[in-house]
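Engineer: Residue-level listing of the chains:
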Amino acid sequence: MFRNQYDTDVTTFSPQGRLHQIEYAQEAVKQGSAVVGVRNKNYAVLATLKRTTSDLASTQKKLFRIDDHVGMAIAGLTADARLLSKYMRTECLNYKYVYECAMPLSRLVLRVADKHQIATQRVSKRPFGVGLLIIGYDQQGPHLYETSPSGEYWEYRAMSIGARAQSARTYLEKLFETLDSCSLDQLCRHAILALRETVTALKDIDLSTKNCALAIVGKDMDFTVYEDEDILPYLDVIQTVRSQEMDGNTMYPKYFY
Amino acid sequence: MFRNQYDTDVTTFSPQGRLHQIEYAQEAVKQGSAVVGVRNKNYAVLATLKRTTSDLASTQKKLFRIDDHVGMAIAGLTADARLLSKYMRTECLNYKYVYECAMPLSRLVLRVADKHQIATQRVSKRPFGVGLLIIGYDQQGPHLYETSPSGEYWEYRAMSIGARAQSARTYLEKLFETLDSCSLDQLCRHAILALRETVTALKDIDLSTKNCALAIVGKDMDFTVYEDEDILPYLDVIQTVRSQEMDGNTMYPKYFY
Amino acid sequence: MFRNQYDTDVTTFSPQGRLHQIEYAQEAVKQGSAVVGVRNKNYAVLATLKRTTSDLASTQKKLFRIDDHVGMAIAGLTADARLLSKYMRTECLNYKYVYECAMPLSRLVLRVADKHQIATQRVSKRPFGVGLLIIGYDQQGPHLYETSPSGEYWEYRAMSIGARAQSARTYLEKLFETLDSCSLDQLCRHAILALRETVTALKDIDLSTKNCALAIVGKDMDFTVYEDEDILPYLDVIQTVRSQEMDGNTMYPKYFY
Amino acid sequence: MFRNQYDTDVTTFSPQGRLHQIEYAQEAVKQGSAVVGVRNKNYAVLATLKRTTSDLASTQKKLFRIDDHVGMAIAGLTADARLLSKYMRTECLNYKYVYECAMPLSRLVLRVADKHQIATQRVSKRPFGVGLLIIGYDQQGPHLYETSPSGEYWEYRAMSIGARAQSARTYLEKLFETLDSCSLDQLCRHAILALRETVTALKDIDLSTKNCALAIVGKDMDFTVYEDEDILPYLDVIQTVRSQEMDGNTMYPKYFY
Amino acid sequence: MFRNQYDTDVTTFSPQGRLHQIEYAQEAVKQGSAVVGVRNKNYAVLATLKRTTSDLASTQKKLFRIDDHVGMAIAGLTADARLLSKYMRTECLNYKYVYECAMPLSRLVLRVADKHQIATQRVSKRPFGVGLLIIGYDQQGPHLYETSPSGEYWEYRAMSIGARAQSARTYLEKLFETLDSCSLDQLCRHAILALRETVTALKDIDLSTKNCALAIVGKDMDFTVYEDEDILPYLDVIQTVRSQEMDGNTMYPKYFY
Amino acid sequence: MFRNQYDTDVTTFSPQGRLHQIEYAQEAVKQGSAVVGVRNKNYAVLATLKRTTSDLASTQKKLFRIDDHVGMAIAGLTADARLLSKYMRTECLNYKYVYECAMPLSRLVLRVADKHQIATQRVSKRPFGVGLLIIGYDQQGPHLYETSPSGEYWEYRAMSIGARAQSARTYLEKLFETLDSCSLDQLCRHAILALRETVTALKDIDLSTKNCALAIVGKDMDFTVYEDEDILPYLDVIQTVRSQEMDGNTMYPKYFY
Amino acid sequence: MFRNQYDTDVTTFSPQGRLHQIEYAQEAVKQGSAVVGVRNKNYAVLATLKRTTSDLASTQKKLFRIDDHVGMAIAGLTADARLLSKYMRTECLNYKYVYECAMPLSRLVLRVADKHQIATQRVSKRPFGVGLLIIGYDQQGPHLYETSPSGEYWEYRAMSIGARAQSARTYLEKLFETLDSCSLDQLCRHAILALRETVTALKDIDLSTKNCALAIVGKDMDFTVYEDEDILPYLDVIQTVRSQEMDGNTMYPKYFY
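Protein chains in written order, with our numbering: chain A, 1 to 257; chain B, 258 to 514; chain C, 515 to 771; chain D, 772 to 1028; chain E, 1029 to 1285; chain F, 1286 to 1542; chain G, 1543 to 1799.
Hints are computed from structural coordinates only; laboratory data are not their basis. Accuracy of the hints is not assured; some may be wrong.
[What the hints assert, rightly or not] Distance ranges between label pairs, derived from CB positions:
id : chain 1 : residue 1 : chain 2 : residue 2 : range
1  : F       : S1468     : G       : S1750     : 28 to 36 Å
2  : F       : V1383     : E       : D1083     : 45 to 53 Å
3  : C       : D750      : E       : K1231     : 39 to 47 Å
4  : F       : Y1372     : G       : E1715     : 43 to 51 Å
5  : B       : D504      : C       : D750      : 55 to 63 Å
6  : D       : E1016     : A       : N94       : 31 to 39 Å
7  : G       : Q1573     : B       : S381      : 36 to 44 Å
8  : B       : S311      : E       : R1135     : 20 to 28 Å
9  : C       : V637      : B       : E357      : 34 to 42 Å
10 : B       : E484      : C       : T684      : 22 to 30 Å
Keep in mind that this is a model prediction, so the values were computed, not measured. Quick reminder that beta carbons are idealized off the backbone N, C-alpha and C, glycines included.
Extracted from the complex, chain A is given alone in its bound form (with noise of 0.2 Å):
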């Protein structure tokens, strides 16, 4: 378990000029299950993976409501997570009183960005442990950016992060120049296929009303959760994916739309 003697604290920098405390932090957002997020001309959507704890338990919340018009997916430490959406959540009331409209979405993602960076260059702090994908709907329409622990943020088409989400980054990268095209429903099925990659390598699991949830925020449309029956409209195409895997048929860009 010895690595070197330069990543047990956020502001030493290694001889390569690396802050792994940043890089050990990031690791934690490989840790959270799995999120998905996709927009096109319109709309931004969100599908996670709900993982729980045994069936007693609720499952751990993913989706966070942060205004009218934006809301948030997360992987990593939740309760950093939960921090990060008081803080933004304010941030979006304090806008709305001053300025008597929404706040822009590059905005508010460039102050929680900020506040992720000043826990890395504090002796008596330590990263946030937490990836958050952030949907919104603004005057220039919508928007999907992730955060990082290291305080870096990106806007997206299509992403995703949490445990094995190469996975879904690798079917979103061979579609995502169609993404604009797509309708709303399109949209979300993508969301839902991509979020299955993440869990085909696991054999006794598949995507279900009781495992994956659905956020959309867009054109008129609030930031709206979908969860246990509401989504079950969108995991028709699993169905249609697993009858054709039986076939030995991989191909699904072929047999979706």
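Given the coordinates of chain A, work out where chains B, C, D, E, F and G should sit on it, guided by the hints.
Structural biologist: Just chains B, C, D, E, F and G now, with coordinates in the frame of chain A:
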């Protein structure tokens, strides 16, 4: 006893993205004696095992009344729990003063979970070494929450934490779908039986008026603790089960109601 | 002397979820000379062993008067105890000033236990290395409490802490059910005999007016300390027991009253 | 990975009088993708390589507009750079508010370099892990500055920092004496070609509208970023050079203007 | 010189519940030159050994006047003692200002002992490395107190601290029961003889006007220091004892009064 | 690279009474390029070697103007020097504002040396890693001061610090008694020749208008920097010396004036 | 170079009750060049050895004027001494302002010694690495004090500190009883001769106007420093002694007056 170099400080991530000190604090929860929580449509019930260090000692306080409509059972460091209970009482009082109504459970649990979180991101602090099972009744009906040293919280229908809590959870998982339709009396007896599971591995202990306690909150019923003689009526099931066990019958879902 | 890497800092949990520094502070309590507390329906009594470093030295102060209705005996670091006693006195004074009545014991004990707890959750502090046996009399009658460096506290009918306190506890456990019906005189003698148990293992020491003290509080009786000559009447039982021991009779529950 | 005992703390000098943590922070600059800056008598130009982690990802932001007359390109930790850019924007605004004119470049660069320095002399901080190439135009004409994590800064006619920046510097050194007499178009193409030097060692990459960006500020021209299609006109030189390289001709000072 | 890992920090308990740093600070007291204190019904007397580093050096100050009715002798770190003496003087002045009478000894000693204690429970401090013998005269008559780096204090009839103080204590223990009935002159001579015990092991030193000092406080007598010639009258006993010793007579309780 | 355990913290003395971190900071001064200072009755002159990291780089700033009558040359960490220069400028301005005259040199140097000292006695700081040669002219005539990271300062007639400064000092020691009677022109040439001594060991470097600079302050002459072409007149002596060296004549006190 | 684990922190006692960091700071005093102080009934005199690092360097300042009636010589870290001298000057000024008379020496020395002490009891500080010989004249006549890094201080008739000060002390011990009756001229010469003892072990050095200085304060005479030519009259004794030494006569108490 050597483990690794990343586990002595709550602000240090391990290369795998874990905060070991939080995990160790969660071990403190497992060292507390077991507590069980269940709820139906109208009531929430806690059952706790009272542990005592000698015949002279009063039993360690495990049940805390927070407000008329809220109470909790704790597993872990009692003194840490007391500090949190004081905080929760003040929050409830302030809420009542400002809004002239009882504080919603979800809001109260969020506050105390945030207090947990803050202790995980300061060099000068340590995580709270205690887990809480919080029950209450508000406009949304009865609730059962768990909070963890990590700052996470979950809502449940039935849950158990503390030493050998897994046995109780196994019992609860078998029947938790029937809990909603239970009467309050049945609910209490389920809690007692689940709690009994945590001591069956210990040869010379069985539940009695001396070593367990119940707490109930619900519709038209303030948070009330039942101890000593008051708990006797609910212990009848122990007698029934024990006689069945002697008959070699261990499938109590059958004999129970 | 090597133990492990988790025991030098009160804010570090061990992998087993323990805070070793708190446990070590509890060892400090065991190094103090023994104190015994008992109570019946109307009175609470403390008996302490006065330890002295030389014939010249006055004996270490073990009994502290807090208020008319409260006092305590301590085992462990005297200076830490003094700081706590000062705090308790101020609390009692403030309460009396605000509410114009004596502070209830439970409330006072809660406050001092919270002061213990805070010292266990700050990097810049250490736990208090002292245990307190607090007696008092309020509207609920007489009380006997113990506080611990961990911030925990318990109410008792009879208790002993300090060096070889286990012997005293064994004595008390045999008869604590009869304590309620004891007269005050019997209560004092029980305290003396329990305290004597802690020194019987030491060959050349026996209780005398020089090395023990009593404190009584109760109904119509303010906290009063009996030392030197004043304690002589209660030491008669020592003489009785000793002669019986010489006769080979060691079952004193028989000869005592 | 072991180096020495003087390199984990920014406030510790090595026996050779070096502050290793500052040097390690400078390594972070070298890990950022390359940026190039050049200026002539009237204009200053930045060229940056846009790095992306996946096709889905938007490219990491490398160019920051500070004010109408100032902008910068960064290499190193993006989040640190963002913090500094926010500081610089505020400085410019304040200056404009007080003096009613644009802030002189030298003054602005001094301020941000001082901010770097402070982070190198506090135990509770770490150096900023980012290098800045700042361009601007004020009453003294166009400027090009570099700041370093050490708190040093330099003015240049042409400079490159980031990964493999040495190759770009070699290119620039050959012709920097002719820069003053270049036209703006030539200046941009020099920047592009210098930037291309940093990727020629990488087999399968060449500059395109996708992976590079330009920024220009100068006489009668506010700070403007050219990306995507807008950069296409300046990339014609790439085509020319590439065909020459295929002819085995590698001495481009000859073929270029 | 290796001992254990628990002894470099005053806020770390050893597994045995000890605070080694406090014990080490008490060693500092033993390294100071000896001081002796005695009292009878009306007077308290201090005798100190004046240590000097060279013939040129004035002797280290060992006696401190605090107020008209209080003074002290110190063993250990002189500079720490001076800080405490300044604090005590201020306390006495404030008391006099508020209550218009001299500060009772017990109250003053409690204050300075609390100041000792606080230094044992802060990470940023160290224990005071000095022991105090405080004498004074108030409405309860003469007093003799000792304070320790641990924050403890004791009242005595006779006491000695510092290097080889055990020899002095042995002398004092033999006769301390007769002290109450001594005259002031006898008391002083007892102090001198006790002090002499601490140097008899050193071959070439005997008490003289050069190396010892007396301080007296009592009924109708403010705290007064006797040094040099003033101490001569009390040294006559030395002569007597010495001649007896030459005669092989070492039982001075016989020859003395 | 191992040295000892006392050299990582500026607040730790070694057993020999040394503060190694201060000594290491003084090494940082020796790593800076050399600077030379000389003065006669009316003028003080600084000569500095300008070091550059590449042809593109502007040379590192070595000369700082503080006020009309004060300036300095630095060797060591440039960013630390800049911080100190800012402080000195503010001190001069404040003095001028309050007393309506230029700040005396001795007073200014004392202030900046005190700033050095403070950084050597705080755990949270590090010593400044820079040495200053300060020249100025006030009512007492011209001055030349050196300050060190240790907080010490000295006044000189001639001095050199930085890399290979010993060679320059050797040159200066030979003739410093004649300095007072030099003309300003001679003084400048002495500074140039002394500075040249620091590079003669380096084969392929000689002083030129590119790599050295002069600064002069004195009677009726504000602090002025001479660089590039302006320094040419003073470089004539280089030519003279070089031709003499080729003749094998190395005793330049003879050939010079 | 390894010593023990208790000597890197001024707040850590060794098991022997020692504070090694204070002792190491006292070593810093021994590394300073020697200073000598003597006084008679009316005057106090300091003699210091001026050390210089090169011919160019002005000599390190060893004598500090504090007020008209006070001055001091220092051995150890000059910068630390300067900080203390500034403090002393302010104290004297404040005293004069409030009481309209010169500050008594004993009071001033107490203040500066307390400042020493505070630096020995804070984690964030280090002891001052300097010893002071303070002379002054007040209503009680002339004084000579020494302060130490430990916070201790002593009054003397004659004393020497710094490198090889023991030789000077040996000289002074032989004659200090005659000092009171010396004339001021004799006193100065004694100081010079004592100082000379510290250099006789060094072969090629003898006292001259270049390397020593005198300071005198006393009755009707403000603190005055004698350097260079002014000291010449007092150096005549050196000549006398040296000729006697050549004659093999080393018992200068005989030849001197």
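Engineer: Could you tell me which of the hints above the structure violates, numbers in ascending order?
Structural biologist: 3, 6 and 8
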